[in-house]
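Protein sequences appear in the order of chains V and S.
Residues 1 to 266 in our numbering are what the first sequence lists, from first letter to last.
Residues 1 to 56 in our numbering are what the second sequence lists, from first letter to last.
What the hints contain is simulated information worked out from the structure, not anything from laboratory work.
The beta carbon of each residue, even a glycine, is placed where N, CA and C say it ideally should be.
Please note: incorrect hints may appear among the correct ones.
[Claimed, not checked] A short list of chain S residues far from chain V (calculated; beta carbon distances all over 12 Å):
#	residue
1	Leu9
2	Pro10
3	Gly11
4	Val28
[As the list claims (entries may be wrong)] Taking CB as the label site, the calculated pair distances span:
#	chain 1	residue 1	chain 2	residue 2	range
5	V	Val14	S	Ala24	33 to 41 Å
6	S	Val17	V	Leu20	24 to 32 Å
7	V	Glu232	S	Ile5	41 to 49 Å
8	S	Ile5	V	Glu52	25 to 33 Å
9	V	Leu38	S	Gly11	26 to 34 Å
[As the list claims (entries may be wrong)] Partner residues are not named here, just some residues of chain V that face chain S (Cβ under 7 Å, in silico):
#	residue
10	Glu29
11	Phe41
12	Trp44
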Amino acid sequence: MVLQEKVAATAKPVTGVVILRKAVQIFGELLITAGIVLLLFVAWQLWWTNVESDAKQTAAVKDFARDLGGPVAPAPTPAATGGTAASGPKDYGAPVVGEAPGHGGTIGIMFIPRFGENYTRPIVEGTSADVLDTLGLGHYGNTSMPGAVGNFAVAGHRQTHGAVLDNIHTLVPGDKIYVQTRDGYYVYVFRNNRIVLPSEAEVLLPVPNQPGVRPTESLLTMTSCNPRFGSEERIIAYSVLDRWQPASAGPPAEIAAQVARARGEG
Amino acid sequence: MYGWIFRHLPGPLWLRVLTSVLLAAGAVFLMVEFLFPWMSQFTQFTDSTIGAPRNP
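Using the sequences and the hints given, assemble the complete structure.
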């Protein structure tokens with residue numbers, strides 16, 4: 001404005017110069033705008049998507065947990081604390097394997113105490129962007145269901161959209177991972193992780209990296225991106241099914257508080 | 001550009017300030033709702049699956 005007034009005050013401005021000044025000013029403003037938009041985008045991607053997804057996932061967990069019903073109190077398990085496999089909790093036999101729901105349907109809830117006492121995330125059928133970007137852990141449709149002999153594989157974001165597997169590298173062999181479904185509770189024990197190239201789909205095979213071999217173990221495979229803010233590689237975490245208990249037996253004592261809290265009763 | 005828009009807004013100064021704040025908020029909303037989700041497909045943070053590329 002000041003510029004224009006000055007220009008107007010002086011005798012007959014050269015039109016070309018005025019147009020050039022205007023053009024430079026508009027170009028500069030556009031560049032500043034682009035910078036602000038990019039900053040906003042970074043804030044949205046790294047912060048806001050987490051806020052949004054956390055809210056949606058908490059609601060999804062609560063809905064599913066309420067829908068399940070069943071006892072929240074753990075069944076009395078004598079000598080369960082600190083027991084080995086032999087003296088451990090009651091053996092309920094071969095795990096019941098549920099039917100896979102349709103795309104976007106909730107399979108269950110995953111509890112990983114290593115990621116925080118309150119870590120509860122929904123496991124949803126499908127690994128497309130609509131599932132992973134809002135609903136949490138996505139189940140690879142071509143892999144087994146929880147408890148089945150074979151490979152139950154899920155994917156989750158390392159960063160953004162809830163960052164459900166942000167701390168996947170902090171798992172220590174022996175860490176328990178609990179999966180709650182309509183049928184019951186499946187307790188997996190973390191075994192090892194691997195870092196592979198994004199193309200190595202063999203990690204999802206019933207016996208990972210051994211095509212055609214008949215599985216004898218029930219595995220839980222989690223995949224996420226690696227390194228934390230990149231996607232040049234994938235981090236794969238393998239866990240082995242340790243035991244299971246039906247829903248009627250109540251949750252394992254270790255996660256009873258979290259199960260109650262997930263239902264909104266804690 | 002922004003100066004030109006501000007000068008052409010109707011009303012007294014306070015109304016023009018209010019209108020520009022609302023316009024900016026509207027622009028941010030549109031970006032969050034449409035532009036940023038579209039842009040995020042060009043970032044790498046969200047590729048967490050393995051094997052076959054993500055289906056849209």
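Status of each hint after checking the structure:
{"no.": "1", "hint": "Leu9", "in the structure": "holds (15 Å)"}
{"no.": "2", "hint": "Pro10", "in the structure": "holds (18 Å)"}
{"no.": "3", "hint": "Gly11", "in the structure": "holds (19 Å)"}
{"no.": "4", "hint": "Val28", "in the structure": "violated (7 Å)"}
{"no.": "5", "hint": "V:Val14 - S:Ala24: 33 to 41 Å", "in the structure": "holds (35 Å)"}
{"no.": "6", "hint": "S:Val17 - V:Leu20: 24 to 32 Å", "in the structure": "holds (31 Å)"}
{"no.": "7", "hint": "V:Glu232 - S:Ile5: 41 to 49 Å", "in the structure": "holds (43 Å)"}
{"no.": "8", "hint": "S:Ile5 - V:Glu52: 25 to 33 Å", "in the structure": "holds (31 Å)"}
{"no.": "9", "hint": "V:Leu38 - S:Gly11: 26 to 34 Å", "in the structure": "holds (32 Å)"}
{"no.": "10", "hint": "Glu29", "in the structure": "holds (5 Å)"}
{"no.": "11", "hint": "Phe41", "in the structure": "holds (5 Å)"}
{"no.": "12", "hint": "Trp44", "in the structure": "holds (5 Å)"}
The structure does not agree with numbered hint 4 stated previously, though it agrees with all others.
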